[in-house]
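Please model the complete structure; the sequences and the hints are all you need to start from.
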Amino acid sequence: MRIGITCYPSHGGSGVVATELGKLMAERGHQVHFVTYDMPFRLGGFNHNIHYHEVEANRYAVFRYPPYDLALASRMAQVAKLHSLDVIHVHYAVPHAICAYLAKEMSGHAFKVVTTLHGTDITVLGEDPSLRDIICFGIRQSDAVTAVSNDLIRQTNELLCVDKPLERIYNFVDQRIYSPQDVQEVRQQYANPDEKILLHISNFRAVKRVPDIIRILDRVQRHIPTKLLLVGEGPDLSRAADMAQERGLMDRVIFLGKQDEVAKLISLADLLILPSSKESFGLVALEAMACGVPTVGSNAGGIPEVVADGETGFLSNVGDVDAMADHAIRLLTDSELYQTFSENGRARAREHFCAEKIANQYEDLYRRVIAGETRAGV
Numbered sequence: 001m002r003i004g005i006t007c008y009p010s011h012g013g014s015g016v017v018a019t020e021l022g023k024l025m026a027e028r029g030h031q032v033h034f035v036t037y038d039m040p041f042r043l044g045g046f047n048h049n050i051h052y053h054e055v056e057a058n059r060y061a062v063f064r065y066p067p068y069d070l071a072l073a074s075r076m077a078q079v080a081k082l083h084s085l086d087v088i089h090v091h092y093a094v095p096h097a098i099c100a101y102l103a104k105e106m107s108g109h110a111f112k113v114v115t116t117l118h119g120t121d122i123t124v125l126g127e128d129p130s131l132r133d134i135i136c137f138g139i140r141q142s143d144a145v146t147a148v149s150n151d152l153i154r155q156t157n158e159l160l161c162v163d164k165p166l167e168r169i170y171n172f173v174d175q176r177i178y179s180p181q182d183v184q185e186v187r188q189q190y191a192n193p194d195e196k197i198l199l200h201i202s203n204f205r206a207v208k209r210v211p212d213i214i215r216i217l218d219r220v221q222r223h224i225p226t227k228l229l230l231v232g233e234g235p236d237l238s239r240a241a242d243m244a245q246e247r248g249l250m251d252r253v254i255f256l257g258k259q260d261e262v263a264k265l266i267s268l269a270d271l272l273i274l275p276s277s278k279e280s281f282g283l284v285a286l287e288a289m290a291c292g293v294p295t296v297g298s299n300a301g302g303i304p305e306v307v308a309d310g311e312t313g314f315l316s317n318v319g320d321v322d323a324m325a326d327h328a329i330r331l332l333t334d335s336e337l338y339q340t341f342s343e344n345g346r347a348r349a350r351e352h353f354c355a356e357k358i359a360n361q362y363e364d365l366y367r368r369v370i371a372g373e374t375r376a377g378v
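Just so you know, we're using the UniProt record's numbering here: the sequence shown kicks off at 1 and counts up by one.
Treat the hints as calculated values from the structure; they're not laboratory data. These numbers come from a predicted model, not from an experiment. C-beta: ideal position from N, C-alpha, C; glycine also. Hints may contain errors.
FRET-style restraints, in silico, Cβ to Cβ [said to hold, decoys possible]:
(1) P129 / D322: 31 to 39 Å
(2) P193 / N150: 40 to 48 Å
(3) M250 / H48: 27 to 35 Å
(4) N150 / V186: 34 to 42 Å
(5) P129 / H48: 19 to 27 Å
(6) L82 / R247: 54 to 62 Å
(7) N150 / A323: 20 to 28 Å
EDC-like, lysine to aspartate or glutamate: derived pairs with alpha carbons at most 20 Å apart [claimed, not checked]:
(8) K196 / D326
(9) K258 / D38
(10) K278 / D309
(11) K196 / D322
(12) K196 / E343
(13) K357 / E305
(14) K264 / E343
Quick look at the structure:
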């Protein structure tokens, strides 16, 4: 098959999944064409089945803002015609599904459009009345639509009342990359032998509840010598620093900024902390499970579909910092329980979210939409 992929190429779960999926399709012999404004950061080394097509927005002075959406649609149409694409898989309904629709109309080339909903396009943009109709239009004009969790399907139906069938295909993890690694020497750079390491990776937006992470650290470190690694950047990162300073915890917190390859960092940690108020899937929790690192966090959104509460991690109500801290202390002080959770997590990642299984589902979906089918068995 000849597959086009459009996503946001920067850091973020949707870009990670889109890029890794493209790499898996290329490994299977399919021709994969990324159409984005920048090289996806996870694309990695050379693969003769992977092609990158840059989108450049016109900066003509009459435009107050460069019209990226129109430039993307035009570039999609060019690539679709030149390379006879069978399908374009877009990640996010707005603007990417709309651009794919325009490209299809412009090119006259009968490629199919698959749209994957990742969360923000529904849970944030879907609540904006000015965008609701165009999001629904993008979904309806797609040949197939997937969502990364059952909870996201529920929210899409509640917020948008769309009549388009939505197919759940979970995010995945490549266990050739995400598995426990020998990082003992590296770990010594961040923590003493008697100290535990908590980890949080995000874009540090308000929905990640960054202050809760500092409060959890504060409670945990009173019982166990603990360090906290913060990976990523975002608007609430300075707030975390301010809170740590106010509580006398700056020597406990290590700010690592954006990191492209996080598998080794995850293996450094004892626990992942994920107290989000919204999380359509929780890819970082899956990556942690695959590395044998339990998650302590909230039961928001799709997180309970990833983390098995009481088996691979502990989940509490959003904002219940005391419960999360207690769960962290319990896991960090009970080595037998910790080992059980670690092994359970690796097994769950392998059984339910392995790359091969999810790639099979997408490959089957592509074949179905190309053949004019919408759902399995139809």
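Comparing the hints with the structure gives:
In this structure the hint that P129 and D322 lie 31 to 39 Å apart at CB holds, the actual value being about 38 Å. Taken as a hint, the range 40 to 48 Å holds for the pair P193 and N150, whose Cβ atoms sit roughly 42 Å apart. For M250 paired with H48, a C-beta distance near 49 Å fails the hint of 27 to 35 Å. As the Cβ distance of N150 to V186 is approximately 37 Å, the hint placing it in 34 to 42 Å holds.
About 47 Å separates the C-beta atoms of P129 and H48, a value inconsistent with the hinted range of 19 to 27 Å. A C-beta distance of roughly 58 Å is found between L82 and R247, which places it inside the suggested range of 54 to 62 Å. For N150 paired with A323, a C-beta distance near 24 Å keeps the hint of 20 to 28 Å intact. In summary, the hint linking K196 to D326 is supported, as the alpha carbons are separated by about 15 Å, within the 20 Å threshold.
In summary, the hint linking K258 to D38 is supported, as the alpha carbons are separated by about 17 Å, within the 20 Å threshold. As the CA atoms of K278 and D309 are separated by approximately 17 Å, the hinted pair is consistent with the 20 Å bound. About 18 Å separates the Cα atoms of K196 and D322, which keeps this hinted pair within 20 Å; it holds. Restraint check: the Cα-Cα separation between K196 and E343 comes to about 19 Å, which is no more than 20 Å; the hinted pair holds.
Between K357 and E305, the direct Cα distance comes to roughly 16 Å. Compliance with the 20 Å bound is thereby established for this hinted pair. Straight-line distance between C-alpha atoms of K264 and E343 comes to about 18 Å, which keeps the hinted pair within the 20 Å bound.
Hints 3 and 5 from the earlier list are contradicted by this structure; the remaining hints agree with it.
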